[in-house]
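Take the given structure of chain A and dock chain B to it, following the hints.
There are 2 protein chains.
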Amino acid sequence: MHTKTETQLFREDWITCVLSWQSAICEALEKIDGKAKFKTDEWQRHPDGKGGGGKTRIISNGNVFEKGGVNTSVVYGKVTDVMRKQLKIEGEKWFACGLSLVIHPFNPFVPTVHANWRYLEIYDHWDNVSDQWFGGGADLTPYYLFEEDAGHFHRTLKNAMDPFGKELYPRYKKWCDEYFNNAHRGVETRGIGGVFYDHLKPAHTSVPSDSLKGGEQKMDVGKLFDFQRGNGDCFIDAYIPIVEKRKDLPWNAENKYWQEIRRGRYVEFNLLHDRGTLFGLKTNGRVESILMSLPPTVRFDYNYQPKEGSEEWKLLEVCRNPRDWI
Amino acid sequence: MHTKTETQLFREDWITCVLSWQSAICEALEKIDGKAKFKTDEWQRHPDGKGGGGKTRIISNGNVFEKGGVNTSVVYGKVTDVMRKQLKIEGEKWFACGLSLVIHPFNPFVPTVHANWRYLEIYDHWDNVSDQWFGGGADLTPYYLFEEDAGHFHRTLKNAMDPFGKELYPRYKKWCDEYFNNAHRGVETRGIGGVFYDHLKPAHTSVPSDSLKGGEQKMDVGKLFDFQRGNGDCFIDAYIPIVEKRKDLPWNAENKYWQEIRRGRYVEFNLLHDRGTLFGLKTNGRVESILMSLPPTVRFDYNYQPKEGSEEWKLLEVCRNPRDWI
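Chains as they are written, first to last, in my numbering: chain A, 1 to 326; chain B, 1 to 326.
The following block holds chain A by itself, in its conformation from the complex (with noise of 0.2 Å):
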């Protein structure tokens, strides 16, 4: 009888981590929706299984929620000439998991969220574990800013990222205001912020500390795992308030047509700049899947610009200008 590794346990307890995230996320949006039900679909890299899989759960045409998306994903191969080439991945095999969510609310006062957290494996000729790492975060969209609720929002992250230290919140919080950017627009962020962290390797990893690159950190194993479940933990508490506050707020047509050209950048980010749905297209990922993020509608105006002083043009500044919201 074979006994475990302990990277075979560390896997399967995040994979046990992502799917009961994906139960109780999917379920906290029903109760607050009361109206719609997330659909199955699970599919499958190739036909016979091999290459793993994954289980998209969408919403759609509910009370609150007019469409999202919350994915989860078990899948792994042989290292490619594109993932040599645009990853940087050095070795043969890849293993990854991961569960990607975007929620779009109708109502343009109910914020858009977005959240991934996954964990990647690098292995060597001889099958054996040569990198391995976390990344994450979640960032907020609104289309009108309450204050509050950005503040909940970032205290809820910040909160369970201070036992792990003082200095990861504002680092990854900075990383998210970097990453979250329409850079061909200079600085515009999608949204109001959160965190975003990557390459977060435990200390035992093989690959030496002076080559992390900026970002990147090393954690204890244990601390790493707790560190990570921590930021999933906490989703539901950032996010539910939020929408209970504001999903019976009355909006008018002015206010969906703003919401709809924001949704527009939201799109262009999207297509532009994520790394993720860009590999993701790339590679072959499952398209229905990956492009569950683009707003269900959208509106392209020709330079359209919202009066100065306005509650739109409001929103704007704080993209323009990313701010602390703690």
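By construction, these hints were calculated from the structure, which means they are not laboratory data. Heads up, a few of these hints could be off.
A pair counts as met if it fits within one copy or between any two copies, since identical chains are not told apart.
Straight-line Cα separation of at most 25 Å, DSS-like style, residue types lysine-lysine; simulated pairs [unchecked claim]: (1) Lys245 to Lys256; (2) Lys78 to Lys37; (3) Lys78 to Lys314; (4) Lys201 to Lys223; (5) Lys174 to Lys218; (6) Lys37 to Lys245; (7) Lys174 to Lys282; (8) Lys39 to Lys307; (9) Lys37 to Lys307; (10) Lys85 to Lys282; (11) Lys201 to Lys37; (12) Lys174 to Lys247; (13) Lys78 to Lys174; (14) Lys88 to Lys282.
Given the structure is predicted, the values throughout are model-derived calculations rather than measurements.
Frame of chain A, contents of chain B only:
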């Protein structure tokens, strides 16, 4: 007194040609729209006028046209690292002048159209022209298939090309189908195509004939100009009769829904694959002039599939299996 060089005269003739197309095309579109007028934004790359600029002409909320742009630019600068790397341009300075248009009608039975005709010059260290070429094309994006419209559009383009060589239309029709493809979805073209060509160089260019890449071609300089002019000149005849024939067809919410779904694919193509768009955005082009190509209202549904045998499905079928329209 300086005598103008042949190169200068060639360039000036091309600028004149592009500007006269802009006027003629806007006039023809305004006439058939019957309500909306083009608005003009003139812009410069730098406040001091160095680097050139352009004339962005936008129509919106007309009787027929929901959003459209007919833009010209006359721009020049130093070859940057991004250009060297991404465009494989060798040389010191560049000059570019062209017209780019995208027209999005309201009525789902009137097709969207795109066209672009451009001329580029590259200069060496001694300010001599070291390379120069024309590129261009026009393609049609219907939401419902009228075979006679597709036939008319393609025949008009073919008739303009045939005098310069019977082999040109089939070659550039194929290039168009290959270029305007949403490759992340396998084979699914943006519409029913048209023609696309690039790197057509005058016979006297110093670039050796045996170093021309696939699709690149040399022509006698006078013939080349006439070829390019013939392509632009036929645009109004290629598109306007189709608008005339379809603009008053009654349509319903279902037709609009499908149009917005297909417009989503237009967005996917322009932001994920279109070289001009990506290059413009990466090299500090004027964002609003570049993104005027995006459709006004768009819908992204999860895994939307038209019913087999329906009119919507028939359109999708010809995108998945590009056809000969002559």
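Check the structure against each numbered hint from earlier and tell me which ones fail, lowest number first.
Violated: hints 2, 3, 11, 12, 13.
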